[in-house]
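Participant: Chain by chain, the residues:
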Amino acid sequence: MTQPLSGREVAARIGREIPGAVLLADGLGIWVRPGSVAQVARFLKEAPGLEMDYLNNLTAADYLDYIEVVYHLSSMKHNHSLAMKVQCWGPQEPEVPSVYSVWLGADLQERECYDMFGVRFVGHPNLKRLLFWEGFEGHVLRKEFTG
Amino acid sequence: MAIRTQPVTINIGPQHPSTHGVFRMRVTFDGEVIVGLEPIFGYLHRGKEKLAEARTYTQFIPITDRQDYLASMTNNWAYCLAVERLAGIELPERAEYIRVLVGEMMRISNHLMALGFFLNDCGAWQTPLLYMYREREKLLDLFDMLSGQRLNYNYMRLGGVSQDLPPEFLPALKKFVAEMPGYIDEYEQLLATNEILLARSKGVGILPAELAISASASGPVLRASGVKWDIRRGDPYSVYPRLQFEIPTGQQGDAYDRFWVRMQEMRQSVRILEQALAAVEQMPPGVYRAKVPALVRPPRGEVYSRIESPKGELAYYIVSDGGIAPWRCRIRGPSQINLTALKEMVVGWKLADLVIVFGSIDVVMGEVDR
Amino acid sequence: MAVNPPASPGPGNPWLELDRTEGLAIEQLRAATGVPLTDPAAWIDEEVERGVLLTSLDALLGWGRRYSTWPAAFGLACCAMEMVATAASRFDISRFGMEFFRPSPRQADLMIVAGTLCWKMAPPLKRIYDQMAEPKWVVAMGQCAISGGPFAEYVSVVPGVNHIIPVDVYVPGCPPRPESLLHGLRMLHHKIQTEGSGLKRGR
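For the protein sequence lines, the chains are D, X and A, in the order given. With the first sequence counted from 1, adding 1344 to any position gets you the working numbering. With the second sequence counted from 1, adding 3 to any position gets you the working numbering. With the third sequence counted from 1, adding 47 to any position gets you the working numbering.
Rather than coming from a laboratory, the hints here were simulated on the basis of the structure. One should not assume that every hint holds.
To be verified - Computed, partial: chain X to chain A, Cβ under 10 Å:
| hint | residue |
| --- | --- |
| 1 | Leu132 |
| 2 | Tyr134 |
| 3 | Leu280 |
Source: prediction; values computed, not measured. Don't be surprised by glycine CBs; every beta carbon is placed ideally from N, CA and C.
Okay, chain D solo, but in the shape it has when bound:
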């Protein structure tokens, strides 16, 4: 059975290495500052005992005031899982560092996130629309899109 890790313990561990990166933590997940996403991702992948080498899911959700980017991670070796979230508050366009260099599986999912929500992933080698065509106006999964 995959064990969901306690967000608070993981946050404490991250806090020792990368202070100020984790903003909030609860039972099942951690909320990370947008600027430190790539560092936290690399730490989670390489830290002994954590070794979250498998990115299950990378997506976003629009909560009207903010857009939350969600990463579901798990470890093949230890069989535990964690949810990492990043909140991007408006009014400027959301920008998050890319985790392409940590998990290759982020490639297509970050492009889809950009296509659907308009989240720019800084450092992605080829951030272009995935499901819509170049020149399509708007980001479909935002709540304000009704076309």
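Start from chain D and add chains X and A according to the hints.
Facilitator: Just chains X and A, lined up with the frame of chain D:
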């Protein structure tokens, strides 16, 4: 004398007999050797995630069918499982066993199609496909008995399944389960040591285990690379902890290993079917669904729940705001994410090998584009 | 680590110009199509006066064309699976002359559009249709091809293939059973026989 050469980029798809649907690739060649590949999706993007926000939880079930249309009920199952975990709905045991029966039948049906089309791509034009269709038609008749439909069944509901097993279903399924190992033996005898298949797929398109994990591959693609990870064992759901089955894994992650893993998974599915059939026969008929209100309102919260679909890790991330429709419904389609490593798998091989590797990943465009 | 190359600012999209051109073509097609195209002229009840020689010629041409229509493979979504099932040994489309689904549109005279058409796919559909030689016929298979199906309200779904190309026969169902598709194809055969030499078709 130096010959001046130049790489050439050609476009494969979206209308192409070997692309298994509307999939397009821009492939850069140096002679006949592939040096670069860019997959382009979106030709079947029907917006299920946006439609989910405008439908109630039960109304969305038929739309989930049309995602991985070769294994429709697995999509239903993944979605229903997610909503049931969110809303705290418990299923009666017989409903769980019926779901397992149907799920494993879908796995056999899907693998038959996958192997049939893979061999189509290898050059055995239509013969293995038509043999495997013979079995698939028997399965489709069974599904017709259950749900009235041959393809997009809409059979599962929140809390169970939509109708009970008709009285002629169990004997017919028993007959199928008794015959199927003989058919799988026939396929293995004809195909497993076929020298053309071996020459075309052994060693082709190798996906090393480390790259597979990094690229979030799942399902038979991951297991063929040697990683023994199956969600039915590692993160079990429904009644799988009570069932005995093996998890076949490959050695090096080439196209032949993916073919072989699927062949063995069919055998294991038959084994699970035998056990589930024995269990269902002992339970009295009539119990197939929990009492669930027509408009389900799960409490505020979110869930990420996954199942082992025939293609890989099919997961739903549903965020509920307490209303009758989900706030956000994310469908994690394994076919799309298995394609992440396509470029790394084919660079260095030739054009004909591209078709083989792509066919061995087993992709359904409904799931890639959603 | 050799497994994951480091993410660089990168050159971005090397095919940007081509992507933009294709996107523009899609937007133009989307803006240009509003009303569905009219179906090719009423043919079931038509009485046509023709001379004896032309009648026999028409009958011969009709007979030849209807029993040898070669479909172009244009399976898009779930309906394609039922189309393949129709071509498999149980329902066997080849007893109607459609033995082999031609990959190339140049060699086909029937296009069975099976599945949902999205705006991104619409320019290739138009191009494949244009590449087929006359006489050619189109069968819209399934709800999505007829009217957009369960996804009709979404922004990237074309509400019916008849917005892009003229359709001869509509086969409803989601997906239609192979028997339904064969019934639709039999109706198409009747149409082909009635049309005869098709000298008056101005498509």
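Participant: Please go over all the hints and tell whether each is borne out by the structure.
Facilitator: Going through the hints against the structure:
no., hint, verdict
1, Leu132, "8 Å, holds"
2, Tyr134, "9 Å, holds"
3, Leu280, "25 Å, violated"
Going through the hint list in order, the structure does not satisfy hint 3, though it satisfies all others.
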